[in-house]
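Respectively, the protein sequence lines represent chains W and X.
Reading the first sequence from the start, the letters are residues 1 to 115 in our numbering.
Reading the second sequence from the start, the letters are residues 1 to 111 in our numbering.
Since the hints were derived computationally from the structure, they do not count as laboratory data.
Backbone N, C-alpha and C fix where the C-beta goes; we use that ideal spot for every residue, glycine too.
Some hints here could point you the wrong way.
Said to hold, decoys possible - Here are some of the chain X residues that sit facing chain W, going by a computed Cβ distance under 8 Å: (1) Lys26; (2) Tyr29; (3) Pro42; (4) Leu49; (5) Tyr74; (6) Ala77; (7) Gly84; (8) Gly93; (9) Tyr97; (10) Leu99.
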Amino acid sequence: DAGVIQSPRHEVTEMGQEVTLRCKPISGHNSLFWYRQTMMRGLELLIYFNNNVPIDDSGMPEDRFSAKMPNASFSTLKIQPSEPRDSAVYFCASSGDRGAQETQYFGPGTRLLVL
Amino acid sequence: QQPVQSPQAVILREGEDAVINCSSSKALYSVHWYRQKHGEAPVFLMILLKGGEQKGHEKISASFNEKKQQSSLYLTASQLSYSGTYFCGTASGGSNYKLTFGKGTLLTVNP
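Could you put together the complete structure from these sequences and hints?
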């Protein structure tokens with residue numbers, strides 16, 4: 001079975017540009033999570049969706065970040081405009097529908113560098 | 001609030017044992033353990049649930065003390081492949097999907 005798929009795997013962009021990260025969760029999973037990982041802050045949850053509905057976006061750093069899940073098999077995380085401090089690895093993860101009993105499966109990540 | 005992991009780093013020789021601890025200031029419903037190798041995604045190892053149920057890896061064990069809000073991961077007879085950063089993620093409610101991760105413990109296993 002295919003795991004969580006993310007694209008692009010690497011992104012280099014200039015400050016002020018729009019960045020769009022994409023995620024395809026594991027088929028049948030109802031929950032989708034976007035995380036950001038940096039050396040300083042570790043692995044932080046940005047937002048999570050359940051059945052395509054955003055449930056908790058308290059980790060989204062500011063209005064420059066937005067996320068959508070138009071259907072059960074696709075989600076995007078958009079940064080507009082991007083800043084150098086947004087440089088990080090962004091992971092998408094998915095899980096089933098039993099809350100804190102479920103394993104979250106991580107995608108390979110998108111390594112973002114904003115110059 | 002972020003759980004606290006200890007130690008921050010540990011170096012072992014192949015065959016030695018290690019214990020990694022995870023402590024939270026909040027009441028916990030479950031603790032999730034992951035291992036991440038450099039440049040890769042976190043990989044699931046184990047879930048420990050309130051009430052004692054444990055699911056995960058055959059060669060790695062863990063404990064969950066609900067009263068103390070602590071979990072420990074036991075790595076016995078370590079192999080070179082155990083090297084990586086270990087993270088605990090904690091959830092405070094059964095219906096709450098949100099995990100809060102610790103800063104990680106870097107484990108290095110040398111020949």
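Outcome of the hint check:
With 8 Å as the threshold, the beta carbon of Lys26 (chain X) stays out of range of chain W, its nearest partner Cβ sitting at about 13 Å, so the hint is violated. At about 5 Å, the closest approach between the beta carbon of Tyr29 (chain X) and any beta carbon in chain W falls short of 8 Å, and the interface hint on this residue holds. Nearest Cβ of chain W to the Cβ of Pro42 (chain X): about 5 Å, under the 8 Å cut. The hint holds. The criterion of a C-beta within 8 Å of any C-beta in chain W is met by Leu49 (chain X), whose closest approach is roughly 6 Å, and the hint holds.
Interface hint status for Tyr74 (chain X): violated, as the beta-carbon distance to the closest one in chain W is roughly 20 Å, over 8 Å. With a cut of 8 Å, the hint placing Ala77 (chain X) at the interface with chain W is violated, because the nearest CB-to-CB distance is about 25 Å. Against a cut-off of 8 Å between C-beta atoms, the interface hint on Gly84 (chain X) is violated, since the closest Cβ of chain W lies about 14 Å away. Taking 8 Å as the C-beta contact cut-off toward chain W, the hint placing Gly93 (chain X) at the interface holds, the least distance being around 6 Å.
For Tyr97 (chain X), the shortest C-beta to C-beta distance to chain W is roughly 5 Å, which falls under 8 Å, so the interface hint holds. With its C-beta approaching chain W no nearer than about 7 Å, Leu99 (chain X) sits inside the 8 Å limit, and its interface hint holds.
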